[in-house]
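Student: Chains as they are written, first to last, in this note's numbering: chain A, 1 to 138; chain B, 139 to 276; chain C, 277 to 357; chain D, 358 to 438.
Covered stretches of chain C, going by a simulated chain B footprint (3 or more residues, C-beta under 8 Å):
id : stretch
1  : 277-288
2  : 342-356
Some chain B residues near chain A, calculated using beta-carbon distances under 8 Å:
id : residue
3  : Met-157
4  : Ser-160
5  : Gly-224
6  : Arg-245
Simulated from the structure, these hints should not be mistaken for lab results. Glycine is no exception: its CB is placed at the ideal position from the N, C-alpha and C atoms.
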Amino acid sequence: MSYLTDSPIDSAALRRQVMRDSDGACVIFEGVVRNHHEGKRVESIFYDAYRPMAEKEIEKVIRSVELDFPGVAVAVLHRLGQLGIGDISITIACAAAHRADAYAASRAIIDRVKETVPIWKKERGPDGEEWVGWQGRC
Amino acid sequence: MSYLTDSPIDSAALRRQVMRDSDGACVIFEGVVRNHHEGKRVESIFYDAYRPMAEKEIEKVIRSVELDFPGVAVAVLHRLGQLGIGDISITIACAAAHRADAYAASRAIIDRVKETVPIWKKERGPDGEEWVGWQGRC
Amino acid sequence: MKVRLLYFAILKDITGRSEAELTLPEGTLAGDVWTSMRNQYAQLAGYAQPPMIAVNEAYARPETRLRDGDELAFIPPVAGG
Amino acid sequence: MKVRLLYFAILKDITGRSEAELTLPEGTLAGDVWTSMRNQYAQLAGYAQPPMIAVNEAYARPETRLRDGDELAFIPPVAGG
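With the rest of the complex left out, here is chain A (with noise of 0.2 Å):
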């Protein structure tokens, strides 16, 4: 089981992995390579990542979520490498019984993804390219 992958993303592969017959709610979430970020244009985007760690620290965030939110389904697959304006760079797809937890469960995934998991991305746009991040704040 990877949560990492350097393909296109099939957001419904996902979707069959949670649903089961018990549940009535299903949220996907998918993070999109938009063309703008902050003010600038952005033409795309790399991501990389320190890939075993990266697996783990995905893994540790989907437990986490589990154990607040007791009996939703979880699936997450992040790509990386190059993507262009409207490609998934994520997937998080959560089932559950009742929409309550699975809007929950997807919100907090994707908010802690962002916060641990150790990857990264250089936006390339009109004026050159860019770690997002990385300025000031390190």
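With chain A fixed as given, assemble chains B, C and D onto it according to the hints.
Tutor: Frame of chain A; chains B, C and D shown alone:
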């Protein structure tokens, strides 16, 4: 533009309707027929609607959510008729530059649809069938 | 005056029909029609308050005065989604 | 003792490499390695505090004492999702 259908819902088609190059987040919510409700087994659900009014009320929900979350793109499709376990009864697709808006708009739409849109469901199970919400509430 | 009354969901099951054309005296209120339905159908006797009401495909109050040609519907508790 | 140091993202660009094998005195702390990196690369001179640190694929504190065979990585601000 109709928000109601008698055919299986293709969530991917709704996703395509909403995504723009400026969107960094897409939240797809699917309501799905589950095999239980308030402790009872469910085998299928029949959805009835006051169709022309349901179309208008869904339109109102979408407009109100677009006002509350400017810039979010929204698509909604609700299925009517006889549905089996695992069938999608409603798909809501929300695209936005940032995930907070996409999640919030998605949640607001399903909450408001459940409050105001004249759609009803009759659950069928081993103990017979029942219109959900009728007993003792009218 | 004539008013078209639509039945949905539980009300369709109880009445066994999906619509009726009513001939009503001028000045009839939407809530009055519910009262006469309650008198006609034993299963509704316990429901003194009407469900939600729609006149011409929009929610309306029981005090709404009906007009010739109106389309009236009682909206049982909705359960979409 | 020998420690494997991995470079990612901005640190890979700055150092021009993806990893290095370091020979370190016993008792070296993870944060000490950051200090020596700062001395070596001008672009890091302004960053007195190390980024997040990982030892053997798990987050660790700058005070973590390194051991022979450890895998060390400095984790610039993450930006996944």
